[in-house]
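**Q** Okay, here's what each chain looks like letter by letter:
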Amino acid sequence: MRVVVQSEPFDLGALTAGFAAGRSDMGAVVSFTGIVRDTDGRLDRMEIEHYPGMTERAIATIAEEAQARWSLGDVLVIHRHGTLRPGELIMMVATCSPHRGDAFAAAEFLMDYLKSRAPFWKKELTADGAAWVAAKPEDEDALSRWTR
Amino acid sequence: MLDVLYFAWVRERIGLPKERVETGAATVAELVAELSAREERYAAAFADISALRVALDQELSDFDAPLAGVREVAFFPPMTGG
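Which chain is which? The protein sequence lines are A and B, in order. Under our numbering, read the first sequence as residues 1 to 148, first letter to last. Under our numbering, read the second sequence as residues 1001 to 1082, first letter to last.
To be clear, the hints were calculated from the coordinates, so they are not data collected in a lab. Some hints could be false.
Okay, derived cross-link-like pairs now, SDA-like style, lysine to any residue, Cα gap no bigger than 20 Å in a straight line [what the hints assert, rightly or not]:
1. B:Lys1018 to A:Glu49
2. B:Lys1018 to B:Arg1038
3. A:Lys136 to B:Pro1078
Ranges of calculated distance between the beta carbons of each label pair, as one might list FRET restraints [claimed, not checked]:
4. B:Glu1022 to A:Gly18: 45 to 51 Å
5. B:Glu1022 to A:Thr16: 25 to 31 Å
6. A:Ala127 to B:Arg1013: 22 to 28 Å
7. B:Ala1026 to A:Ala130: 36 to 42 Å
The beta carbon of each residue, even a glycine, is placed where N, CA and C say it ideally should be.
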């Protein structure tokens, strides 16, 4: 398992290609990438704040839970903080497994929990000013499907 | 002595990211009451604790949790990662 919290950009291609490289027992790699979205062309930048120390622990706990639930060869989570412009990559997760079902499910589980259980806060800065992104009720609802 | 940390709009409303607090509060709720009584900016930040989350020593917790043995308390809005 590898968890990285950093302000610098990351190389999606190199990380995805290197993930599970040489693991011939792994038949499936799933990766997800989160990108700064500018819905209406007004976003200047996003500022992502986090809780150093707790962030890494919380993500590691979520990744350990994924490894306990599914048959995974490895888990990679990279999440950036600081100032990001529209189109920049915010984060990625990658999972590998002998079969695709576990890799897909674990990647979705990781994303659902990272959304509302990893201590990050997003602030959007537009020409009109700054606003913290509010958590959505459906983000919390998304967790319930994993506890059924 | 407790380290009390604030993040996102809680930090902005209170006006600082971190402070040392001398307190006899037995629970998180008691600490919130003490802080709220200090100044309006604290009262404003803690006006609706249903809009807040709390972590004790970097683990998510509850407002009725005891503070015995805790070194670090953090207050923040619901998280928006991913």
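**Q** Kindly confirm whether 45 to 51 Å is satisfied by the beta carbon distance between B:Glu1022 and A:Gly18.
**A** holds, 50 Å
**Q** Verify the CB-CB distance for B:Glu1022 and A:Thr16 against the hinted window 25 to 31 Å.
**A** With Cβ atoms ~50 Å apart, the hint is violated.
**Q** Does A:Glu49 sit within 20 Å of B:Lys1018, going by the straight-line distance between their CA atoms?
**A** holds, 14 Å
**Q** Has the hinted range 36 to 42 Å been met by the Cβ atoms of B:Ala1026 and A:Ala130?
**A** This hint holds: roughly 37 Å between Cβ atoms.
**Q** Return holds or violated for the Cβ distance of A:Ala127 and B:Arg1013 against the range 22 to 28 Å.
**A** Taking Cβ atoms as reference, A:Ala127 and B:Arg1013 lie about 24 Å apart, which means the hint holds.
**Q** Check whether the Cα positions of A:Lys136 and B:Pro1078 lie no farther apart than 20 Å.
**A** Measuring from Cα to Cα gives roughly 9 Å; hence the hint holds.
**Q** Quickly compare the C-alpha distance for B:Lys1018 and B:Arg1038 to 20 Å and report which way the hint goes.
**A** Distance of about 16 Å is within 20 Å: holds.
Hint check: a violation occurs at hint 5 only; the rest are consistent with the structure.
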